[in-house]
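Working from the sequences, and respecting the hints, build out all of it.
If you read the sequences in order, they're chains A and B. Residues 45 to 941 (our numbering) are what the first sequence spells out, left to right. Residues 25 to 136 (our numbering) are what the second sequence spells out, left to right.
Don't read these hints as lab results, they were simulated from the structure. Please note: incorrect hints may appear among the correct ones.
Stated by the list, open to error - The calculated label-pair distances, taken between Cβ atoms and stated as ranges, are:
| no. | chain 1 | residue 1 | chain 2 | residue 2 | range |
| --- | --- | --- | --- | --- | --- |
| 1 | A | Gly472 | B | Pro97 | 21 to 31 Å |
| 2 | A | Ala95 | B | Arg131 | 43 to 53 Å |
| 3 | B | Thr50 | A | Arg100 | 54 to 64 Å |
What the hints assert, rightly or not - Examples of chain B residues toward chain A, derived with CB under 7 Å:
| no. | residue |
| --- | --- |
| 4 | Gly54 |
| 5 | Pro78 |
| 6 | Tyr81 |
| 7 | Arg103 |
Even for Gly, the Cβ is constructed at its ideal location relative to N, Cα and C.
Here are the chains, one letter per residue:
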Amino acid sequence: MTPSLNWRAIVADALPSISGDRFRDDEILDELAQHCADRAVDLEAEGLTDAAIRARVLGELGNLVRQVRVLRQAVPAARPTSPRRLAGWTVGLWQDARYGLRLIVRAPAFSGVALVTMALAIGSATIAFSVVRTVLVKPLPYPGADRIVRVWEVTPRGETHNVVASANYLDWRDRATGFTAMAAATSPADVALTGVGEPRRIRVARVTPSIFDVFAPAMALGRRFEAAEAVPGGPAVVILAHGFWRDQLGAAADAIGKTIVVDARVFTVVGILPPAVDFSLHGADVFVPLRFTDADHVERRSHNYYVTARLRDGASPATANAEMKAIVTSLTQQFPSDLARWGANVAALRDDDVRDARPLLLVVMGVASLLLLIAGANLASLQLVRASRRRGELAIRAAVGAGRGRMVRQLIVEAVLLCALGGMLAVGLAALLLPAVVAAAPADIPYLTNATVDGAALCFALIVTAASGVLVGLAPALMLRRSDLQPLLHSARTSAGPRQERVRHALVAVQAGLAVVLIVFASLLAKSMWRLHAVDFGFAADGVASAGVFLPAARYPGNESHLQFFEQALERIRAIPGVTAAASSSGEFGIGAGMTFSFAIEGRVAANANGREDPVPLQAVTPQFFETMRIPLLQGRTFTAADRHGATAVVVVNDRLARRLFPDGSAVGRRIVFRQGELPWREIVGVVGDTRDEGLDREPPPTLYLPYAQRQPNWRWMSWQSLLVRTTGDPASVIPALRRAVWSLDPDLPLTNARPVVAAYAEQLSQRRFALGMTIACASLALLLGAIGIYGLLACAVADRRREIGIRRALGASAVHVVGAIVRSAMAFTAAGALAGVVVALTLTRFLSSLLFEVEPRDPAMFAAAAAVLCGVAIVAAWLPARRATNVNPIETLRES
Amino acid sequence: MSTPLTERELKRSSATLLVLSLVDETPRHGYDIGKSIEQRSNGAIAFQMASLYPLLYRLEHRGWISGKWQQKPGERRRRFYRITPEGRRILAAERGIWQTFVGALDRVAGLR
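Okay, here's the thing in structure tokens:
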């Protein structure tokens, strides 16, 4: 038996490089292996036992290996001349790598599982890294981007990110000294691009020319806006975003001077922005000059503008905040009724832009890191199992003089190799999946679309791969004690020592614990989602489609034309087969009313300094609105066609507003006025049910409704209305007919956000859904890995304990007893790990709180459920190998030993 | 075995002579060389791997012997060493030195 040992492999493992020349080394290996084989044959002929032969030949080989220096001196010519040791080490490393590769190929099942594990884990981590870096860290494409800040108004209610009133912006701009430039812009609004095929919806932002001083972009083509273009009546000029220029104009080099038609007005293109530059007005396709009218110079109540500024050298957001506070204080003294309790807030642009996305991204990164840790622990425990299988081989190598260092190196090289292959797969996987992740991610995460698997991501993957390889390889290597190995030489025993078993148990416990953390995350998010789906909209959302229409002032100058358009449009829409009701509203379901108004109540002095109630969302709606949405009427009446201009001015309030203003239930019949002395008193004629207009996870806002026909002529923002259509069938299928109905009146009007109302709500939940999806995917993977870990560990333990199990069975232990004992041993450390996981999760779930809904971050039921799920999976994973133990034939195992 | 140091010194100084003489007779592989030395010396001189192969490689490096892979029918592929013309000159010189030396020892110490 012994002479058939693979001496080539043994010598190859034992001997470091001799000549530095692979070919020559191979020759020497072959020759020495042949010598060992010849020697073994001769010794066998002398009648020695197998064990004695093995010991003798290994001893002789060991002598040679210990004096390898002498051998090297004998073949000096082929030795490399310069840094010898390093070269030898490198060649040794190469040998280790080749040997490791052979092992990987020889164990396809193990290698397959390990590769897929590492590819998934490193791939997810790389994707998470790319996303997080792009959104939170990667420098914005502006010179001195860290000096750009946003300036917000702070509302009396303490909201720190309110858009700014025009007069306030103009005063800030003139008074503040801490900035080199300050600019205002409107949020990108939908407009119609016509003249090229179907009317297309594009987004236009109005910006002050100073925005080019704040962001300082190098124009791709053309020029910036000039100050003269930002005065009322100035020329109609437009600057295009790079993407728009590329997609709509084919990146034409002669685009400057060309014209485009936007909302029926002709604009001349004067400049093209460089790629990725959008002044942080995300989604804007084109930019036009923002022109402040005389009215804007005194308007402090209508808050519409996004303000950005560039800090002067030496200034910081903190000093700027201090200066802004002083300015606001002096303005408040000047205009107490408008500005009482208002403030200002300066924040670094990047931080400010990503503040909503940050919790989600950190959760994603955290989840991916946990998965990586689990995969690492999993691979380490699998490596341990394998290392114990290889104890015989390692013992031989130790016997022939392979130093501990060399064997540690071999084990680490093997693990690094596995991880490197996994890492390569991972980078491919990341490059493949990143676009899908970006597409699936919520649209409101800024900069996300710039995410690619770039150099930084590759570096990250490389570092993670190398670190995982070393850590994974270190686990079995650390347990390599020569003293553990020596006695094995002469025995067939290949079971693990107690020390090794402890480490294996610890690794599985770590996996179990981390898996519990992920399962807790997933279950908390899942419960939130479930709660959200159980939330009452306050109206019947199913079967309703909505679409936005904006009437450009050029073609629809006044109230009458608006009224006429919507009356005609709704008439045509109601004629569509399957449509049971149609209405329009100035609010948008899933987003909210957009406009808030304050008002005074007849016969009552409000507590606020300006004598008016706190502002509430206002919606102007057509008569059938409440019927179309099936919002219940609680008191009084809703609107009719008779509530027109010239008739008694009326409003409807929702229950929440009615209770806030008239807790005694006397809302109907009371009167309010928006601006003292300017408007007629409006009578409250009805109270309707509360609706979650701003999203399922937001409380229903206290809301004021008024008939569209009774709106004020100067409310320009009401040129935008959302059409609401109730159908008997699928609301998505009515949208083409809806579009045709609108275009039959005006072929140049684009419809925006045309979709079922439930889809609008679903989009609003996209951050939560994305976090849930990611976490569930990672948690499932973690559970699977944990199961593999436990299974591998127990399969190995059962194999190790065959003899013991055999003896027990021979002594009459029942199969149930044996299985029970093994499963119990697995559950002991799994449960310990799960418990530790619960403790870790308790400290971590608070980072989830912004993504939770009506669920406590420490919901005990979810923690218990997570631990139970893990233990259930662990029991199944343990039961499979345990059952195999009962098949152990006592007689056979005893004979083997 | 009682005086290993002396024996080792003797072995080392005589090793070149022993190996060259054996491969002068016929090409031999490494294991064969070691085994022949042990057999012919009735076990008095034995070369284990640890000393044999460094010696063979040194002689080969000096150009006194040359190794070549050969496969004989029914056997494994082995590396056979044969003596070179330079090796033959060295062997003759070594033999001369040892004859003189052993003769001198005999005359002084009456070895025979």
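Here is what the structure says about each hint:
no.	hint	in the structure
1	A:Gly472 x B:Pro97: 21 to 31 Å	violated (51 Å)
2	A:Ala95 x B:Arg131: 43 to 53 Å	holds (52 Å)
3	B:Thr50 x A:Arg100: 54 to 64 Å	violated (28 Å)
4	Gly54	holds (6 Å)
5	Pro78	holds (4 Å)
6	Tyr81	holds (4 Å)
7	Arg103	holds (5 Å)
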